[in-house]
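Q: Chains as they are written, first to last, in the working numbering: chain W, 1 to 380; chain A, 1 to 394.
No wet-lab data here; the hints were simulated from the structure.
From the three backbone atoms N, C-alpha and C, an ideal C-beta is built for every residue, glycine too.
Wrong hints could be hidden among the right ones.
To be verified - Per label pair, the in silico range of CB-to-CB distance:
#, chain 1, residue 1, chain 2, residue 2, range
1, A, Gln-183, W, Ile-341, 10 to 20 Å
2, W, Met-46, A, Gly-310, 20 to 30 Å
3, W, Thr-10, A, Asp-232, 46 to 56 Å
4, W, Gln-267, A, Glu-120, 43 to 53 Å
5, A, Gly-310, W, Ala-218, 32 to 42 Å
6, A, Lys-41, W, Gln-235, 35 to 45 Å
7, A, Glu-109, W, Thr-10, 15 to 25 Å
8, A, Tyr-376, W, Asp-175, 36 to 46 Å
9, W, Met-46, A, Lys-389, 52 to 62 Å
10, A, Val-268, W, Met-343, 33 to 43 Å
11, W, Asp-367, A, Gly-310, 34 to 44 Å
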Amino acid sequence: MNFDFTEEQTMIKDSVSRFVRDEYDFDTRTKIVASEEGISREFWSMFAELGWLSVPFAEEYGGFGGSVEDIAAVMEELGKGIVVEPYASTVVVFGGLMAASDNESLKTAVIPSIIDGSCMGSFASTEAQSRYEMSDVATTATACDGGYKISGEKTVVANGGTANKLIVTARTSGDQYDRAGVSLFLVDAEASGVEVKSYKMMDGQSAATVTLKDVVVAESQLLNAAGEGMDLIDQVMPQILMGLSAEALGIMATLNTTTVEYTKVRQQFDTPISSFQVLQHRMVDTFMACEQTKSMLYRGLCQAGEDDRHALLKTVHALKATVARYGRLVGEEAIQIHGGIGMTDELNIGHYVKRLMMINVTFGDGDFHQKKFNQLAYSA
Amino acid sequence: MDINFSAEDLAFRDEVRDFFAREYDSTIADQLSGAQGTDYKGAIVAWQKKLHAKGWVAPGWPTEYGGTDWTATQKFIYETERGLAGIPDVVPFGLKMVAPVIYTFGNEEQKARFLPRILESEDWWCQGYSEPGAGSDLAALNTTADYAGDNYIVNGRKIWTTFAQYADWIFCLVRTSKGMRKQQGISFLLIDMKTPGITVKPIVTIDGKHSLNEVLFEDCVVPTENLIGEQDKGWTYAKALLAHERTGMAEVADSTRLLEALKQRASVEVNGGKAMIEDPIFQMRLSDIEMELMALEYTELRVFASMAAGGMPGSESSLLKIKGTEISQAIHELQLQLASYYGGALPDDLNAEQLRHDFAFEARGKYMYGRAATIYGGSNEVQRNVIAKAVLGL
């Protein structure tokens, strides 16, 4: 039994941690968010040099050969700085799907460019009507000479505005809600017929509406067999959800620490407010919430290395539901205990909370995942 | 990260499972249920004697006094298997509470006199800590032991004394002098329950049962040889014991078994012809608990892993106690909800067969008595104080 990160994992975790502490203070982040592109290309190149962008990829593609544990280690530290550079969308989500693809020539072409920082990627799956159901796909991919023509509209595509490459879900067969018939295409953001409209989200990150109009893609751009895209998504989703949850954990831990420290310096009624038992007990509850979330994440990380898929899926759904529930608790308590100052845009607290809120709705909120959990756990 | 056990540990687990399956039969379980006409004391003593014959009754003790030489991992496995099998823990007052104080702070005569009889379940012990005016604020205790030559003269009242009605001995915190602080001047005294002047008064609890008591001391003469360690240093010994009491209170294995039983019942109990477990709202209530328990299982494993690596259980045990008791109470609440009307029926009036909901009595009893879990062993509010101070530095 062992709950420690390996020496290698600790090294990369420490390296991200140092970056956040020394180079990514809240002012720096605020300036980046206010900049035109909303991210720092300079930092992105640095991430590449430090090897962070290579984490989930196999060594044969020039990767670090890391596991979901490595991803979690990096994401937790990035969360502590609410780093806005698109690590989750490019490396964890887009990269995760690429890494799981069985299209060797595509992988050989794309993965090295993720690792060297030249390619930012994004996963274009959501549609206006689809909410969290990934298989609700109205975007169509119609077979044409040597490939497919894709038409449809994708909404709130995370970091779609900065991505050079998109993985698009499009229907090659079946009806709108069918699991079968969803295909995954790699689409160049510059391709003819692709229109990207980017907008800022409340967490300082950007999203885009991507309109595809008769976009021609070669068959060789399919990540796996046509119509079987959902299998690939399902395969990668636990890792994605654990990565996002690790980021949330880093945010929750930071909110808790910041709040506890604040109560020790904030004086009211001639005494630090940390001396009030009513506040102490609330902070104990948020501390326990964070510990329980961490335990659920570790449960997932342990089970990811085992063969019991059913158990892993139960845990991952429970994890995302836990992150939703306890993330909200930790966030709301941080604002409440800070008092008036917690309401200000100037203070970092609210920005941490807003990133938690966006993580909550990314790939399914708490209720969505708890319902999935219930189906796995209680349906005969 | 992994939670894999070594081959030796897995072999040990099989040995424990095998022993429990062979030796713990349903007649013991029936007698331990506390239902009318059963013999709780006889049954638990018989079970403890079986454990002692196997050498497993006191895993926490040093081997020189009759403990096992188990590793931390083996102790963890043993406790987990016990919980999953639905086997009650040994009565803690002798084996887990007073014995560690005796072998840590007692003299050689006391060790020789008391430890073997505890190990063999010959003496039944109870705990004389709480008083009407000293609950969470234990150090406010007021039972006095006045020094008089070779004896102490003890006067006062102890309360919430579990199983005092069965006890041969009681270990007490008594006030031997008034110190600067109320923690000073407290002594740790062992008292024979047959001492003239002791009266045990039953307290019936809200589950309708009798396990708690009030114990009154009127001019009880207790020989000074029954004092543990030094006079006026009892608080130190008691604090060491409290940390002992708080470890292992997450009871994950027990809650896991109870939750499985609850799910089974929810698939039998129907509403409008449909099993309750298919009801979406009931499912949400179930998974609220189950998810919390899944996390707690790993919290417990994390604490255990750090202990196995040589760490000491500190404030983590407070977290385990709070979450563990909250979860077990939540299970009891949902169980009682599932029992609906039948949870309200008294066993005197109807029997389970007539009700056709055979878990309902138990559901009510567990719910009612289960309210105590967040009160005893240091109330959950006190545990929050511990975490606030020790972990958050508040």
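Q: Each hint: holds or not?
A: Status of the hints after comparison with the structure:
About 39 Å separates the C-beta atoms of Gln-183 (chain A) and Ile-341 (chain W), a value inconsistent with the hinted range of 10 to 20 Å. For the pair Met-46 (chain W) and Gly-310 (chain A), the beta carbons lie near 39 Å from each other, so the given range of 20 to 30 Å is not met. Between Thr-10 (chain W) and Asp-232 (chain A) the CB atoms are about 49 Å apart, so this pair conforms to the stated range of 46 to 56 Å. Remark: the range hint 43 to 53 Å for Gln-267 (chain W) to Glu-120 (chain A) is contradicted by a beta-carbon distance near 60 Å.
With their beta carbons about 59 Å apart, Gly-310 (chain A) and Ala-218 (chain W) fall outside the hinted range of 32 to 42 Å. Checked against the hint of 35 to 45 Å, the C-beta distance between Lys-41 (chain A) and Gln-235 (chain W) comes to roughly 57 Å, which is inconsistent with it. At roughly 53 Å, the beta carbons of Glu-109 (chain A) and Thr-10 (chain W) sit outside the given window of 15 to 25 Å. Separated by about 59 Å at the C-beta atoms, Tyr-376 (chain A) and Asp-175 (chain W) break the suggested range of 36 to 46 Å.
In this structure the supplied range 52 to 62 Å is violated for Met-46 (chain W) paired with Lys-389 (chain A), their Cβ-Cβ distance being about 41 Å. Against the hinted window of 33 to 43 Å, the Cβ-Cβ separation of Val-268 (chain A) and Met-343 (chain W) comes to about 51 Å, which falls outside the hint. Hint check: Asp-367 (chain W) to Gly-310 (chain A), Cβ distance near 43 Å, so the stated range 34 to 44 Å holds.
In terms of the numbered hints stated before, the structure departs from hints 1, 2, 4, 5, 6, 7, 8, 9 and 10, listed from lowest to highest.
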